[in-house]
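Chemist: Given next are the chains, with one letter for each unit.
2 protein chains.
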Amino acid sequence: MKFTINRNQFINQINNVQRAISSKTTIPILTGMKLVATQQGLIVTGSNVDISVQNLIAQDNEDNELEIASLGAIVLPARFFNEIIKKLPGEKFTLEIIENNQTLITSGNSEFTLNGLDANNYPHLPEVENNDQLTIAAEILHQLVNETVFSASTQENRPILTGLHLKITGNELLAVATDSHRLAQRKVTINNQSQNNYDIVIPAKSLVELVRSFRDSEQDVKISISENQILFEFAQTLFYSRLLEGNYPATDRLIPQESSTQLEFEAKTLLDSVERASLLAHAGRNNVVRLVIEKATKKATIYGNSPEVGTVEEDLQPLSLTGEDLEIAFNPDYLKDALRALGDTRLRLEFTAPLHPFTLKPTSDMENFIQLITPVRTF
Amino acid sequence: MKFTINRNQFINQINNVQRAISSKTTIPILTGMKLVATQQGLIVTGSNVDISVQNLIAQDNEDNELEIASLGAIVLPARFFNEIIKKLPGEKFTLEIIENNQTLITSGNSEFTLNGLDANNYPHLPEVENNDQLTIAAEILHQLVNETVFSASTQENRPILTGLHLKITGNELLAVATDSHRLAQRKVTINNQSQNNYDIVIPAKSLVELVRSFRDSEQDVKISISENQILFEFAQTLFYSRLLEGNYPATDRLIPQESSTQLEFEAKTLLDSVERASLLAHAGRNNVVRLVIEKATKKATIYGNSPEVGTVEEDLQPLSLTGEDLEIAFNPDYLKDALRALGDTRLRLEFTAPLHPFTLKPTSDMENFIQLITPVRTF
Numbered sequence: 001m002k003f004t005i006n007r008n009q010f011i012n013q014i015n016n017v018q019r020a021i022s023s024k025t026t027i028p029i030l031t032g033m034k035l036v037a038t039q040q041g042l043i044v045t046g047s048n049v050d051i052s053v054q055n056l057i058a059q060d061n062e063d064n065e066l067e068i069a070s071l072g073a074i075v076l077p078a079r080f081f082n083e084i085i086k087k088l089p090g091e092k093f094t095l096e097i098i099e100n101n102q103t104l105i106t107s108g109n110s111e112f113t114l115n116g117l118d119a120n121n122y123p124h125l126p127e128v129e130n131n132d133q134l135t136i137a138a139e140i141l142h143q144l145v146n147e148t149v150f151s152a153s154t155q156e157n158r159p160i161l162t163g164l165h166l167k168i169t170g171n172e173l174l175a176v177a178t179d180s181h182r183l184a185q186r187k188v189t190i191n192n193q194s195q196n197n198y199d200i201v202i203p204a205k206s207l208v209e210l211v212r213s214f215r216d217s218e219q220d221v222k223i224s225i226s227e228n229q230i231l232f233e234f235a236q237t238l239f240y241s242r243l244l245e246g247n248y249p250a251t252d253r254l255i256p257q258e259s260s261t262q263l264e265f266e267a268k269t270l271l272d273s274v275e276r277a278s279l280l281a282h283a284g285r286n287n288v289v290r291l292v293i294e295k296a297t298k299k300a301t302i303y304g305n306s307p308e309v310g311t312v313e314e315d316l317q318p319l320s321l322t323g324e325d326l327e328i329a330f331n332p333d334y335l336k337d338a339l340r341a342l343g344d345t346r347l348r349l350e351f352t353a354p355l356h357p358f359t360l361k362p363t364s365d366m367e368n369f370i371q372l373i374t375p376v377r378t379f
Numbered sequence: 001m002k003f004t005i006n007r008n009q010f011i012n013q014i015n016n017v018q019r020a021i022s023s024k025t026t027i028p029i030l031t032g033m034k035l036v037a038t039q040q041g042l043i044v045t046g047s048n049v050d051i052s053v054q055n056l057i058a059q060d061n062e063d064n065e066l067e068i069a070s071l072g073a074i075v076l077p078a079r080f081f082n083e084i085i086k087k088l089p090g091e092k093f094t095l096e097i098i099e100n101n102q103t104l105i106t107s108g109n110s111e112f113t114l115n116g117l118d119a120n121n122y123p124h125l126p127e128v129e130n131n132d133q134l135t136i137a138a139e140i141l142h143q144l145v146n147e148t149v150f151s152a153s154t155q156e157n158r159p160i161l162t163g164l165h166l167k168i169t170g171n172e173l174l175a176v177a178t179d180s181h182r183l184a185q186r187k188v189t190i191n192n193q194s195q196n197n198y199d200i201v202i203p204a205k206s207l208v209e210l211v212r213s214f215r216d217s218e219q220d221v222k223i224s225i226s227e228n229q230i231l232f233e234f235a236q237t238l239f240y241s242r243l244l245e246g247n248y249p250a251t252d253r254l255i256p257q258e259s260s261t262q263l264e265f266e267a268k269t270l271l272d273s274v275e276r277a278s279l280l281a282h283a284g285r286n287n288v289v290r291l292v293i294e295k296a297t298k299k300a301t302i303y304g305n306s307p308e309v310g311t312v313e314e315d316l317q318p319l320s321l322t323g324e325d326l327e328i329a330f331n332p333d334y335l336k337d338a339l340r341a342l343g344d345t346r347l348r349l350e351f352t353a354p355l356h357p358f359t360l361k362p363t364s365d366m367e368n369f370i371q372l373i374t375p376v377r378t379f
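Residue numbers (my numbering), protein chains in the order written: chain A, 1 to 379; chain B, 1 to 379.
What the hints contain is simulated information worked out from the structure, not anything from laboratory work.
Any given hint could be a false lead.
The list cannot tell twin chains apart, which means a pair is met if one copy fits it or any two copies do.
As the list claims (entries may be wrong) - With a cut-off of at most 30 Å between alpha-carbon atoms, the simulated BS3-like pairs for lysine-lysine come out as follows: (1) K268 <-> K222; (2) K205 <-> K86; (3) K87 <-> K295; (4) K299 <-> K361; (5) K24 <-> K295; (6) K268 <-> K92; (7) K167 <-> K92; (8) K205 <-> K336; (9) K86 <-> K268; (10) K361 <-> K205; (11) K268 <-> K87; (12) K222 <-> K187; (13) K167 <-> K336; (14) K361 <-> K86; (15) K86 <-> K298; (16) K187 <-> K205; (17) K87 <-> K361; (18) K268 <-> K299.
Note that the structure is a prediction, hence the values are computed from the model and not measured.
Use the sequences and the hints to build the structure in full.
Modeler: Next up, the structure:
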């Protein structure tokens with residue numbers, strides 16, 4: 001194998017492959033990046049078992065300045081290879097396998113010899129029948145992930161909760177994440193050519209990596225699903241993730257259908273207030289703030305306190321306040337996460353009772369986006 | 001005590017006081033920030049025993065919008081106080097001691113009550129007779145510190161080497177830092193009104209904090225020195241540091257007066273090459289690169305290698321190469337630090353023998369700035 005390529009193009013195009021590679025793997029060859037020179041171009045692969053990413057650096061894209069002198073394949077130590085390429089002096093570099101998987105990298109006056117591994121020993125990528133069942137705009141998928149995955153569990157005691165639950169019914173995609181203390185639910189429309197229904201759980205971490213790989217937010221993402229794998233295709237990239245096994249808990253019935261107290265805010269204003277209230281809540285042993293709603297005075301007040309440090313109270317001045325008096329306590333971090341996910345919007349908080357979950361919804365789209373938070377018993 | 005102040009002004013002016021305060025102190029009151037409302041304005045103090053910083057937020061500076069309703073003093077938990085002030089909603093805030101050192105902070109609709117401590121229990125600042133013996137431009141002091149302190153030791157087994165050695169003779173200031181593997185030496189001119197001579201060692205960490213506190217690089221810094229303390233005065237700030245006790249080793253004789261091989265480079269070009277060579281040196285067990293200078297071919301080549309990962313070699317192409325053949329090995333990190341300190345300049349490397357220290361000097365100022373590196377024996 002021998003090829004010459006534009007160094008910056010190469011760096012940009014191995015970026016998402018690099019991120020799939022972990023130095024903390026029990027399978028030594030997976031600390032490497034696989035390079036295959038083919039007639040179509042250079043195929044670069046990285047994997048950490050959970051996710052695998054493959055990029056084609058195309059021969060026919062002139063920007064790549066790719067000249068393949070001979071075909072072949074090698075696996076190179078990913079971290080060093082990446083650092084070396086980033087620091088090479090020239091605009092281009094040449095990579096050549098010399099002998100025994102030793103690989104010569106030259107650029108300007110610099111000459112590196114890297115000990116590679118036999119590409120035949122690199123694990124095969126998962127097999128997912130590449131039938132483009134579903135299509136979704138990258139931008140919408142990106143948004144959907146950011147609006148939900150933070151609610152997934154980060155603890156492995158219930159592995160299924162570390163995933164995002166996707167239910168596809170015709171052209172409707174319903175995404176739900178919950179760590180059993182809070183829940184985020186989002187509905188969007190997709191293009192489902194097969195009109196099959198799907199019910200899958202994707203590791204939240206995989207989705208975070210996936211949307212980080214998106215560059216051109218205008219593009220479409222094609223999705224194919226097999227028994228235990230999902231494949232996302234966009235630009236020159238194939239992104240595989242394993243699916244989580246097991247049944248996702250029924251979450252429909254958790255979302256209250258009615259409410260007895262309602263508040264409306266600009267998300268940003270409420271976020272600022274909660275951040276202040278949580279300053280002292282964090283110092284206390286139980287990370288809790290208290291919200292008191294008084295119908296008669298139309299006042300909503302938030303309280304935080306730490307016996308050691310002090311107390312805080314703030315009159316929230318909601319845009320609207322309707323329904324009954326209420327006193328409720330909750331973890332302010334959950335509310336902060338939910339408000340950040342809601343973004344710059346007007347939102348509605350709906351409460352039923354001090355120990356029942358309450359919800360946040362953007363007033364412009366109450367049906368399709370719901371954040372739910374379970375309160376804390378403080379007495 | 002009660003005062004109202006512009007919040008942003010306050011935040012800016014407590015910044016360097018805040019940085020002097022450590023949360024990891026064995027003296028609980030030093031986790032606090034001391035505020036004293038006087039006729040002149042608000043005096044804010046922080047200390048971690050090694051350094052103490054005091055700022056005057058002046059009454060007569062209109063930007064501060066400082067209105068002192070009643071005089072007094074309090075010590076507030078610094079970390080929380082700082083976070084609270086940063087997040088308050090209003091452009092101004094009001095601070096008032098209510099009772100038992102409880103302090104009420106109000107801004108907009110927000111109301112914090114912080115548990116303070118009695119300011120009478122706050123340790124006294126060091127006594128340094130404030131006689132403005134020395135004056136140096138902040139910019140020059142800043143540069144001098146950045147050019148030298150990285151060579152100070154970070155290990156406590158020889159505490160004196162964790163400091164910067166300053167020798168003041170008339171109007172000449174000589175600064176030296178060494179960790180016994182490398183050394184940085186800088187000479188500058190100062191204004192010494194007393195014409196006394198001084199020989200002191202200041203903790204490197206104190207100096208790093210000091211120069212971080214500089215904002216207006218045009219200003220002068222006044223320096224006063226006592227038995228075991230040094231005081232830097234600039235703008236509205238008093239910055240105290242303890243001095244290190246003990247005799248600093250004689251370093252004059254370490255700097256070679258003659259050389260047998262000389263190379264010249266642009267600092268940036270050499271830095272790039274050393275960074276590449278060190279990529280593999282870091283992977284190996286002994287962090288070493290090898291430099292081979294060949295008089296006959298006028299070639300200087302740098303080599304790095306890691307038995308596991310691979311090798312690198314690079315033809316350095318110096319601007320000039322004079323003297324004898326040489327092969328020398330050294331820690332590339334020392335050379336990188338020295339080159340970064342030299343900045344964007346043409347420099348001269350001077351060697352005497354494979355196991356003797358070599359030096360780097362800017363060609364424009366060979367007398368006043370010297371970096372020295374001790375090589376490593378590799379055979």
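Chemist: Could you work out which earlier hints the structure fails to respect and list their numbers in ascending sequence?
Modeler: 1, 5, 7
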